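K.L.:
So the protein sequences, as listed, match chains W and P.
Numbered according to the working numbering, the first sequence spans residues 1 to 393.
Numbered according to the working numbering, the second sequence spans residues 1001 to 1707.
Treat the hints with caution; some may be incorrect.
Claimed, not checked - The list that follows gives simulated cross-link-like pairs (lysine to aspartate or glutamate, EDC-like), each with its CA atoms no further than 16 Å apart: (1) W/Lys256 / W/Glu386; (2) W/Lys379 / W/Glu369; (3) P/Lys1600 / W/Glu149; (4) P/Lys1332 / P/Asp1108; (5) P/Lys1332 / P/Asp1115; (6) P/Lys1619 / W/Glu131.
Read the hints as simulated data drawn from the structure, not as lab findings.
Bear in mind that the values here come from a model prediction, so they are computed numbers and not experimental data.
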Amino acid sequence: MQPAEARNERQKTDSTSRPEAEETAPRVEKKLRCEARGVHKSFGKTHVLRGVDLTVPEGGFAVLVGSSGCGKSTLLRSLAGLETIDQGSIRLAGRDVTNLAPRERDVAMVFQSYALYPHLTVRGNLAFGLELRGTSPADIAARVREVSEMLGLEALLDRLPKQLSGGQRQRVAMGRAIARRPTMFLFDEPLSNLDAALRAEVRVDIRRLHDRLGATTVYVTHDQVEAMTLADTLWVMNQGQVEQSGPPMEIYEKPKTRFVATFLGSPAMNLLEGKLAEKDGALVAAGDDITVPVDPARFGTMLAPGRAVTIGVRPHDLVVHREGMTRVTEIVVDVVEALGFETYVHGWARQAGPTIVVRLDAANVKVGEKLPLAIDASKVHLFDAETGRSLSS
Amino acid sequence: MMRWLWFLFLFLTSCEDLDARTVVLWHAYRGDEEKAIAEVARDFEKTHPGVRVELLAVPFEAYLSKLESAAPRGHGPDVFIDAHTRLGAYRQAKVTAEIPAGVIDANDYEASIDDAVGKYGVPLSTKCVALYVNDALFPDPPKTLDALEHAQLPAGVFPLAYEADVAYYHAPLLAAFGGRILGDDGTFAFDSEAGVLSLQRLQQMSHDHVIPEEPNGPLVTQLFVNGKAASVINGPWLRADLGTSVRYHVVPLPSIDGAGQMRPLLSVEAAMLTPHGAKNELAIDFLRYVASREAALTLATVGHQVVARNDAWTEPVIANDAPLVAFHDAVKTAIATPVSARMQSAWVPSDEAIRKTLRGGDPRAALAESRRRFDDAVKPPPPPASPAPALVVLGLLMLIAAWRIVQNTHISEIRASMGAYRYTAHAIVVVGVLVVLPLLAGAATSLFAGTRDDFRYVGFANYIAILTARGGALLGHGSFWLTLLVTVLWTVLNVALHVSIGLLLGVVLSRPVMRLRGVYRALLVLPWAVPSYVTALAWKGMFHRQFGAVNALLSAVGVEPISWFSKFSTSLTANVTTNVWLGFPFMMVVTLGALTSISKEVLEAAEVDGCTRWQRFWKVTLPLLRPALLPAVVLGAIWTFNMFNVVFLVSGGEPDGATDILVSQAYRWAFSRGHRYGYAAAYAVLIFVILAAQTFFAERAGREERA
Chain W
1 MQPAEARNER
11 QKTDSTSRPE
21 AEETAPRVEK
31 KLRCEARGVH
41 KSFGKTHVLR
51 GVDLTVPEGG
61 FAVLVGSSGC
71 GKSTLLRSLA
81 GLETIDQGSI
91 RLAGRDVTNL
101 APRERDVAMV
111 FQSYALYPHL
121 TVRGNLAFGL
131 ELRGTSPADI
141 AARVREVSEM
151 LGLEALLDRL
161 PKQLSGGQRQ
171 RVAMGRAIAR
181 RPTMFLFDEP
191 LSNLDAALRA
201 EVRVDIRRLH
211 DRLGATTVYV
221 THDQVEAMTL
231 ADTLWVMNQG
241 QVEQSGPPME
251 IYEKPKTRFV
261 ATFLGSPAMN
271 LLEGKLAEKD
281 GALVAAGDDI
291 TVPVDPARFG
301 TMLAPGRAVT
311 IGVRPHDLVV
321 HREGMTRVTE
331 IVVDVVEALG
341 FETYVHGWAR
351 QAGPTIVVRL
361 DAANVKVGEK
371 LPLAIDASKV
381 HLFDAETGRS
391 LSS
Chain P
1001 MMRWLWFLFL
1011 FLTSCEDLDA
1021 RTVVLWHAYR
1031 GDEEKAIAEV
1041 ARDFEKTHPG
1051 VRVELLAVPF
1061 EAYLSKLESA
1071 APRGHGPDVF
1081 IDAHTRLGAY
1091 RQAKVTAEIP
1101 AGVIDANDYE
1111 ASIDDAVGKY
1121 GVPLSTKCVA
1131 LYVNDALFPD
1141 PPKTLDALEH
1151 AQLPAGVFPL
1161 AYEADVAYYH
1171 APLLAAFGGR
1181 ILGDDGTFAF
1191 DSEAGVLSLQ
1201 RLQQMSHDHV
1211 IPEEPNGPLV
1221 TQLFVNGKAA
1231 SVINGPWLRA
1241 DLGTSVRYHV
1251 VPLPSIDGAG
1261 QMRPLLSVEA
1271 AMLTPHGAKN
1281 ELAIDFLRYV
1291 ASREAALTLA
1301 TVGHQVVARN
1311 DAWTEPVIAN
1321 DAPLVAFHDA
1331 VKTAIATPVS
1341 ARMQSAWVPS
1351 DEAIRKTLRG
1361 GDPRAALAES
1371 RRRFDDAVKP
1381 PPPPASPAPA
1391 LVVLGLLMLI
1401 AAWRIVQNTH
1411 ISEIRASMGA
1421 YRYTAHAIVV
1431 VGVLVVLPLL
1441 AGAATSLFAG
1451 TRDDFRYVGF
1461 ANYIAILTAR
1471 GGALLGHGSF
1481 WLTLLVTVLW
1491 TVLNVALHVS
1501 IGLLLGVVLS
1511 RPVMRLRGVY
1521 RALLVLPWAV
1531 PSYVTALAWK
1541 GMFHRQFGAV
1551 NALLSAVGVE
1561 PISWFSKFST
1571 SLTANVTTNV
1581 WLGFPFMMVV
1591 TLGALTSISK
1601 EVLEAAEVDG
1611 CTRWQRFWKV
1621 TLPLLRPALL
1631 PAVVLGAIWT
1641 FNMFNVVFLV
1651 SGGEPDGATD
1661 ILVSQAYRWA
1671 FSRGHRYGYA
1681 AAYAVLIFVI
1691 LAAQTFFAER
1701 AGREERA
């Protein structure tokens, strides 16, 4: 990844000279590894975190993603010190902070509601953390100027939060975090209160800012677009545990479980029941709705004819059957969602069977029409029907 | 509501009047005394077939206003029973008539009784104090005060207890030295050599622990019942409280070596005739009957009253009731309480002089000061002023207002909003009658002076007198300006403590980790739920010098008992403590409410940003509570500024009116310094102006802050 290399370059220069106040581009002074080991947390009888391990390399951008209630926000709050953990340890920058108060952890957090101080102006909000640390007024002024230039807040400095729009508040919240130059940034669903257009814009801003500052970041979201676009490392959480972690594309392409497979990708992956069988000397996964070719090279020894599997095919990987392809199924078109640049077709292979979704480039499909489909064997996902674990090696 | 009931009552009584065979009688008796008067009425009905006596129990305090409103219309009672001490006021209001000759014979009564009622009442019974002695402690009651003082008694037993700081109870001691509270010429006779001697004697008794400190009615009773006081000076009303709990007998008050006999003040319960009743032959007949020996016997046997007729006491049934006889004997030495309306103005200065002496002050100086206050209280009202200028100004203002209304009114708009007016009309009427009219009436009263019969327009004379401290030093005793300073100090102290304690508890109780916080919340709101006068009286008791819980606690940690109401600082402390107890729950509830509106994430953000708990409170929580607290503080300041109950009931202005606030001062002008309603109303208007200004500025400050 190109920006990561650029960051590494910067780190080298930073280690030689500490950034001074007059420097125009702010730098994060300390880099750290965030390390959580075997974190358990319960609220009453609800076991929210069940032994979570999380590591973020210096300058990394980790995104915690998962459906609501999976424990991702609790994990983030535990990192900030807003929740005490029942078991396990948390180390930030090589320091054990498990039992330290939030203010002793030197992290900054951007909240979903932004949590700006309603009684302070934008300037006051930006300066708050610095004043608490006893930074000199001159340094505070310089830092506030720097941050407000970076985020385009110069014209808003004397306004109160209630006089700002949602997007502006969001930027102030980020500015407040940046101004302090903490060892780590924590974002708790910071974009969910913005409208769709603004969300896309700020998302890009956040990525750009991260690349510029190179600050270690942990970011919680339930939005897979944010997750995919922002993360260096994606942490998919499910029921209080990390289901899979790694670079976003790797997770997208090689989901280790059925949950991860359906969680990433929109529309979600089609999951259809079937069994492994031999057909014409080749291995196939065959079900009532679909019969797909299986590439033994991808699955190795896990394959035994007769084994019950869940067949996963992404809508994007299905194509309309043409001469020379293997037809995997034929659906009757039920709903056509034409978005202009692409079209989603919902249909079923047999009456009362599960809905199958296909992404097509063109919109020349009509409801009621029969649509034969094909897929490349390399795009087929197979999961154990019982455990939901991927069969790929 | 009361007013309507009253009209209903008047209507009903006027219906009764159609039946001429009725005598209407008002009384204020309860219990046995009520039974006795009812029996007298029945006996009268028996001897006068076809005649009915209509009895109605009316509280004494309500007599005058009800008589005044009923009598001119020919309604109200034919006969009413009250103490002779109020005759002066009744005669001034012309609600009594002379008793026709021949109804009573002066020879049937002690001279003092006849002196008291004159031609305007049929004496029924008497009330005066005597000496109750505990049989066990004083088998042989001392005949002189000196013997009583030096009696050999067990440790911790007071030889004597009585409400020494009340002029009514001090009067016998004063009389023993030949003094009076009010002279025959209506001057403050207490300020005399006799007065000084009596106060010196009292000071000595208090110093020698002959009598308990800071006595009050319940305390005196309790001491006597528990055998902690060997004798008490009290009236016949004490008998009901004593029951059979202690063996005692009643003797006339002792005499004093080198002076004379202690002579109590006498008040005579008498049946009085209204002008309306004077025309009713049956009413005269009824009076003749209640004056009879037969009726007196009923009152004595059934009502246990100390009946006035001498010849009733030959009857064995009552002649054997030793305490009753003792009280009758006491009448022989008693002095009739003066009827003059000036007596009303003499009580409070007298009490003040006695209290100052008991606190160790110089009797002579105290009496001179009290005389000054008496003279000030009875000073004739300012000369009438011509209402013309005021009327002209008022007329002009009304013209201007009318002109502006006409200018700014558009008929079409009014027509369009007619429907809306229909919906709000009842509210306008209710608010108008209950709020606006009384306010205007109060404000108008402040331009008048004098009492009922002589109510005159004096312009701004009341205001001028108040603002110039009645010609004395601007910050002199009891002046408006000094009282204002005290009031401001009182308000600031209270509100500061209310807010800080309320905030502290609110913040503590809002912490979700706290167990049982619902229970604590309910308990802490409790002081607010108890009526303030109950709380005030409870605290008053707790601050008692000798028997209060506060001093008991202090002595447990080795602190000398404090005489709370003898110094301004401690007296104010007692008041403030009580009012803080009453007032902090409100601020706590406001804080709790406002805290729920503070976003949890904002507080967490502060924590992450590096706040300690303390910094978070000062820099985030408190600024966010401000908008909710500000109106509460304004309200709390108004309530405290006008917190009459606590000041009046706890310190009662002690020492010597120093802790009085404006509203209690206004009360004293209205009700204990010669009924200067106009003067008190001017105080009320000034209080209103001050509070209106305070609210206005607070509101503006709040608005600027929000902008």
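K.L.:
Each hint: holds or not?
P.N.:
How the hints compare with the structure:
no. : hint                  : verdict
1   : W/Lys256 / W/Glu386   : 14 Å, holds
2   : W/Lys379 / W/Glu369   : 25 Å, violated
3   : P/Lys1600 / W/Glu149  : 30 Å, violated
4   : P/Lys1332 / P/Asp1108 : 13 Å, holds
5   : P/Lys1332 / P/Asp1115 : 12 Å, holds
6   : P/Lys1619 / W/Glu131  : 11 Å, holds
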